[in-house]
Amino acid sequence: MLVILSSCDKGYEVRFTNYYIEPMDSVVLGNNKVVFKNIGLENSSDYSKIAKGSYHITLISRSKKKFYSSLVIPNKGSGKRTIQIDGIQQISILEE
Numbered sequence: 128m129l130v131i132l133s134s135c136d137k138g139y140e141v142r143f144t145n146y147y148i149e150p151m152d153s154v155v156l157g158n159n160k161v162v163f164k165n166i167g168l169e170n171s172s173d174y175s176k177i178a179k180g181s182y183h184i185t186l187i188s189r190s191k192k193k194f195y196s197s198l199v200i201p202n203k204g205s206g207k208r209t210i211q212i213d214g215i216q217q218i219s220i221l222e223e
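Residue 168 in our numbering sits at position 41 of the sequence shown, and the numbers go up by one each step.
Hints are computed from structural coordinates only; laboratory data are not their basis. In this text, all values refer to a predicted model and were calculated from it rather than measured experimentally. Be a bit skeptical, because a hint or two may be false.
[As the list claims (entries may be wrong)] Below, computed lysine-lysine pairings styled on BS3-like, alpha-carbon distance capped at 25 Å:
| id | residue 1 | residue 2 |
| --- | --- | --- |
| 1 | Lys-179 | Lys-164 |
| 2 | Lys-176 | Lys-160 |
| 3 | Lys-160 | Lys-192 |
| 4 | Lys-176 | Lys-164 |
| 5 | Lys-164 | Lys-192 |
Modelling step: build the complete structure from the supplied sequences, incorporating the hints.
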C-alpha cells in the first residue's frame, strides 16, 4: 500500500489601501518585486502574490512625497496582508 501526503501551501498575497490625502503614484516592495501604481483615494489595489522574506516599502504620492516602511513575510503559512496609509501618514500592515 502506497500513501502519498502532500500539503498545498497557498502562500501569501499583499495589496495596498490608500486613505492618505492624495492619490499614490506608486508603491514599491523590495527591488521592484511588487509594484502597485495609481491607487486613488480610499481605494485598494488587487492582491499580488509575494514570496517569503523581508521587503522595504516605498510609497510615492502624486506630489512626489515619499514614505517608507517594511514588511516581513514568514517562511511558512499563508494569508493576506494589506499595506495601508492613513491621513496622518501612518503606515500599517494588516493581517486578514
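Evaluation of the provided hints:
no., hint, result
1, Lys-179 x Lys-164, "holds, 22 Å"
2, Lys-176 x Lys-160, "holds, 10 Å"
3, Lys-160 x Lys-192, "holds, 21 Å"
4, Lys-176 x Lys-164, "holds, 16 Å"
5, Lys-164 x Lys-192, "holds, 15 Å"
When each numbered hint is compared with the structure, no violation occurs for any of them.
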